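Read off the chains here:
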Amino acid sequence: MSKRLFSVLVAALAVALFAAPSFAASVKIAVAAPFTGAAAPYGDNVKAGVQIKVDEINAAGGINGNKLEVVWMDEQCDPKEAATVAPKIAQDKSILAVVGHVCSSAHLAALPNYVRAGVAAISPTATNVAISEKNQDRAGKVWSFRNVYRDDFQGVFMARYAKNMLGLNSVAVFYENNDYGIGLKDAFSAEAKKIGLNVVGEEAYVKGAQDFAPQLTKFRAANPEGIFISGYYGEGALIASQAKQLGMDVVKLGGEGLDNVDYIKLARDAAEKTYVAVPFIEDVASPEAKQFIEKFKATYKRDADYMSVNAYDATGIVAEAIAKGGADREKVREAMAGFNASNPYMGIGGKTVFDEKGDCEKPAFVKMVIDGKFAAAPKQMN
Amino acid sequence: MLEQQLINGLTLGVIYALIAVGYSMVYGVIELINFAHGEIYMFGAFFCATFITVLGVPFFPAIAMAMLCCGCLGVLLDIIAYRPLRKAPRLAALITAIGMSIFLQNLAMIIWGSRPRPFPQEALPTFFRETAFSFSGVHLSWLQVFIFALTIVLMISLNLVITKTKTGTAMRALAQNQKAAALMGINVNRVISFTFLIGSSLGAVAGILVSVFYNTMYPTMGYNAGVKAFSAAVLGGIGSVPGAMIGGIVLGVAEALGAGYISSLYRDGIAYAVLIAVILFKPTGFLGKSVRQKA
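Same order as they appear, the protein sequences are chains A and B.
Note that the UniProt record's numbering numbers the first sequence so that position 203 is 203, with each residue one more than the last.
Note that the UniProt record's numbering numbers the second sequence so that position 144 is 144, with each residue one more than the last.
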């Protein structure tokens with residue numbers, strides 16, 4: 001090494017050392033989401049929401065004077081990957097809490113690690129019911145929270161919407177064969193039976209399936225008025241467009257898994273008449289939320305969706321819990337569990353109040369596709 | 001309903017057949033199962049869409065260009081990955097093929113991103129989406145007619161190439177005995193390259209047709225299609241080109257009928273059950289000849 005280079009390095013090091021003390025230390029959180037693979041678009045949305053919140057926190061001086069740092073963990077929405085990522089997070093004692101996971105199956109696979117190691121996780125998007133049953137340790141402490149509604153709520157909501165608001169009498173059901181798809185489908189079908197909405201058939205598919213013509217042909221014989229798609233937008237778009245190809249002019253219904261602009265791009269005109277349940281829509285958003293939406297558009301050049309909003313709030317919840325609990329995983333969890341009816345977290349997606357199972361109640365809204373765009377459905381249900 | 005299911009199955013089947021032919025040809029000539037063939041199929045779709053959106057090429061010339069590019073990609077694959085291993089144990093080449101498959105998948109992800117993309121529909125002729133025939137509840141779109149027609153044309157031309165041209169004769173000679181063919185003055189490497197060229201360009205067409213039909217393409221689409229087409233090739237008798245065509249169609253129809261009448265969750269299982277049954281009862285497939293073990 002030349003002398004000159006050495007002295008430059010020393011100088012740089014000195015500058016770095018003197019510049020650093022503006023933050024005494026940094027606090028770390030992990031964000032576990034799919035950043036590659038088929039579900040990467042969801043991970044992008046979550047990342048964007050988290051990033052905006054983290055930047056805001058740090059610009060305002062961090063948490064108790066500490067800079068908030070994020071460790072991004074890619075799990076591809078794959079339970080196997082999630083089960084390898086989660087121990088890494090659990091073992092890194094400097095990570096105080098987790099925002100994630102995005103997919104229910106991944107969250108369920110990661111959960112035992114968080115419970116065992118005692119690190120709290122908050123999922124902005126995992127809606128599966130089983131999570132609330134598997135998130136307690138032996139002492140009955142809950143380690144997994146979510147600021148999104150559950151599938152049993154969402155499924156029931158969409159069944160009622162189909163029957164009462166859209167006046168449908170018969171529906172066919174497609175579901176992806178994973179925790180999210182099955183949970184949502186079960187809730188939908190059970191409620192449909194209760195309220196007299198005729199389910200003419202249920203068909204499962206695996207992720208990445210492309211050809212739905214055989215199942216649709218079978219459904220066509222029963223002449224349903226609607227198709228409930230319990231899965232994600234990629235396959236949902238194929239179901240919608242192949243139904244159209246087979247001459248089925250039906251209403252499409254789904255949970256928040258269909259909520260992605262790519263759904264419309266892939267299904268094209270077959271996307272019309274699609275109704276999607278979401279926890280957030282721009283039309284009824286608070287001024288703070290509108291501000292976030294503007295900032296999101298300016299930064300990422302696309303529209304924000306509920307995933308980014310929930311991720312933004314989840315990060316806020318974690319940050320506030322760390323502010324109260326300090327650099328102690330156990331205390332951070334206590335602080336998170338402390339967001340109850342008398343102490344709600346006020347975020348841009350509304351109030352978040354955790355019950356004893358770590359779940360929260362959120363209102364659902366309905367979006368629909370009109371003229372190639374998602375818009376709030378004219379009929380909303382209370 | 002049965003008629004519609006048959007049409008669903010046939011559409012799927014001819015596409016499997018197109019991919020399976022590429023597998024079978026390569027296997028027939030150098031006894032290598034080219035597991036990267038599914039990725040060539042995926043590249044075909046992405047090439048075609050890129051030519052349309054970036055260069056503004058109309059649909060039909062874009063198909064031809066994608067065929068050519070994928071053909072060259074196939075030749076390149078052979079030269080880089082398989083040729084150096086020609087004399088190595090067959091397992092080495094097989095593992096290399098799997099490695100190339102993973103490499104190409106990730107390359108596509110880097111180039112085009114991991115999101116599923118729609119095919120540029122504006123470039124397609126408008127009549128594609130219209131219904132060609134609709135009688136007693138059976139729907140057939142012009143696009144499906146086009147898929148059938150193009151596949152038939154390609155298969156007939158392929159058969160002509162293999163049976164009537166000198167290179168085709170050389171390919172068949174190579175399939176019988178590589179050493180003897182070389183002694184007769186056949187340029188072995190050139191013929192193998194030609195085999196990859198033809199097989200890969202047919203795979204590209206299949207990829208294009210699938211992504212037009214479903215309006216979706218994504219970097220991992222080749223894997224499943226590849227495995228299915230491989231099964232089709234085995235079903236028809238690996239190494240036999242007409243066998244691959246029949247295998248593809250049988251597999252597609254079996255899958256559609258199975259998904260329609262038994263359970264859609266087991267559709268892949270049904271396809272593989274058919275495959276296993278054939279291997280158990282007729283190990284050479286429909287049209288395959290039993291290969292004598294070379295001493």
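Bear in mind the hints are in silico, worked out from the structure with no lab data behind them.
None of these values were measured; they are calculated from a predicted model.
Do not take every clue at face value.
[Claimed, not checked] Which stretches of chain A does chain B cover? Using the computed rule of at least three CB atoms under 8 Å from a CB of chain B, they are: (1) 34-45; (2) 79-87; (3) 140-150; (4) 260-272; (5) 328-339; (6) 366-376.
Glycine included, C-beta positions come from ideal geometry on N, C-alpha and C.
Structure-based check of all given hints:
1. Coverage of the segment 34-45 of chain A by chain B holds in this model, with 5 residues showing a Cβ closer than 8 Å to a Cβ of that chain against a need of three.
2. Requiring three or more residues with a Cβ within less than 8 Å of a Cβ of chain B, the coverage given for the segment 79-87 of chain A is violated, as only 0 such residues are present.
3. Proximity of the segment 140-150 of chain A to chain B, defined as three or more residues with a beta carbon under 8 Å from a beta carbon of that chain, is not established by the 0 residues found.
4. Counting residues of the segment 260-272 of chain A whose CB lies closer than 8 Å to any CB of chain B gives 5, which reaches the minimum of 3, so the coverage claim holds.
5. Only residues whose C-beta sits within less than 8 Å of a C-beta in chain B count toward coverage, and the segment 328-339 of chain A has 0 of them, not enough to reach three; the restraint is violated.
6. Counting residues of the segment 366-376 of chain A whose beta carbon lies closer than 8 Å to any beta carbon of chain B gives 0, which falls short of the minimum of three for the stated coverage.
The earlier numbered hints that this structure contradicts are 2, 3, 5 and 6.
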